[in-house]
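> Take a look at the letters that make up each chain.
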Amino acid sequence: DVKVTQSSRYLVKRTGEKVFLECVQDMDHENMFWYRQDPGLGLRLIYFSYDVKMKEKGDIPEGYSVSREKKERFSLILESASTNQTSMYLCASSLPRTGGRHQPQHFGDGTRLSIL
Amino acid sequence: GQNIDQPTEMTATEGAIVQINCTYQTSGFNGLFWYQQHAGEAPTFLSYNVLDGLEEKGRFSSFLSRSKGYSYLLLKELQMKDSASYLCAVRDSSGYNKLIFGAGTRLAVHP
Chain P
23 DVKVTQSSRY LVKRTGEKVF LECVQDMDHE NMFWYRQDPG LGLRLIYFSY DVKMKEKGDI
83 PEGYSVSREK KERFSLILES ASTNQTSMYL CASSLPRTGG RHQPQHFGDG TRLSIL
Chain F
398 GQNIDQPTEM TATEGAIVQI NCTYQTSGFN GLFWYQQHAG EAPTFLSYNV LDGLEEKGRF
458 SSFLSRSKGY SYLLLKELQM KDSASYLCAV RDSSGYNKLI FGAGTRLAVH P
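Sequences listed follow chains P and F, in order. Just so you know, we're using our numbering here: the first sequence kicks off at 23 and counts up by one. Just so you know, we're using our numbering here: the second sequence kicks off at 398 and counts up by one.
Hints in this document: simulated from the structure, not taken from any laboratory. Only a predicted model underlies this, so the values are computations on that prediction, with no experimental measurement involved. Ideal placement from N, C-alpha and C gives every residue a C-beta, glycine not left out. Just to be clear, a hint being listed does not mean it is correct.
[Said to hold, decoys possible] Output of the computed footprint for chain F on chain P, the stretches with three or more beta carbons under 8 angstroms from beta carbons of chain F: (1) 61-71; (2) 111-118; (3) 127-135.
Go ahead and model the full structure; you've got the sequences and the hints to work with.
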């Protein structure tokens with residue numbers, strides 16, 4: 023089974039702090055994704071990566087950056103945390119889409135981040 | 398623009414059948430996924446449709462009509478453990494396996 027592990031289930035930080043969320047997958051997946059999940063809005067894509075050192079902006083990248091130095095690890099960085107970044111953060115990984123295969127994304131359990 | 402709509406909440410009775418609808422308007426389409434998410438847990442993959450028609454997997458089935466921009470997830474013989482949120486997601490045509498999610502439907506199954 024694919025295992026996607028997020029470093030913390032719950033995290034409390036203060037406004038202005040630099041925050042690191044870590045995600046590790048054990049299935050040698052090329053693609054990795056960071057989402058935030060808010061009530062009534064569903065999952066929204068922040069950033070994704072399709073290879074080591076490669077990154078692409080998603081739909082809501084403002085205030086965030088990412089790092090992918092190794093294939094198995096994808097980090098989300100809040101440069102200067104603000105209260106509107108309080109949310110559930112979900113990491114996912116997948117194989118590349120090839121041919122007609124569905125290649126679902128596999129998710130971690132999430133990090134509930136509170137910014138005070 | 399990208400728009401995926403599904404009902405916010407549904408309730409159903411144990412043993413019954415429930416259908417959760419999803420309509421989408423997206424600039425590209427390369428398949429539709431359904432995920433299940435129990436409270437406080439990771440979303441888990443349920444089903445995938447890329448061609449029109451019905452895909453059956455045990456008690457769960459998923460249907461797709463690309464011309465209508467419409468899908469549904471059918472859950473039969475409901476069990477209490479089926480109480481969860483069900484997320485509809487469309488894969489875009491970027492080639493990066495990116496998904497666009499609806500807001501999710503929270504299903505409550507009662508005795």
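> So is the region 111-118 of chain P in contact with chain F by the C-beta rule, three or more residues under 8 angstroms, or is the coverage claim wrong?
n = 4 at 8 angstroms, threshold three: holds.
> So is the region 61-71 of chain P in contact with chain F by the C-beta rule, three or more residues under 8 angstroms, or is the coverage claim wrong?
holds (count 7)
> Between the region 127-135 of chain P and chain F, see if three or more residues pass the 8 angstroms beta-carbon test, and mark the coverage as holds or violated.
With 6 residues in contact (Cβ-Cβ under 8 angstroms with chain F), the coverage given for the region 127-135 of chain P holds.
Hint violations for this structure: none, all hints satisfied.
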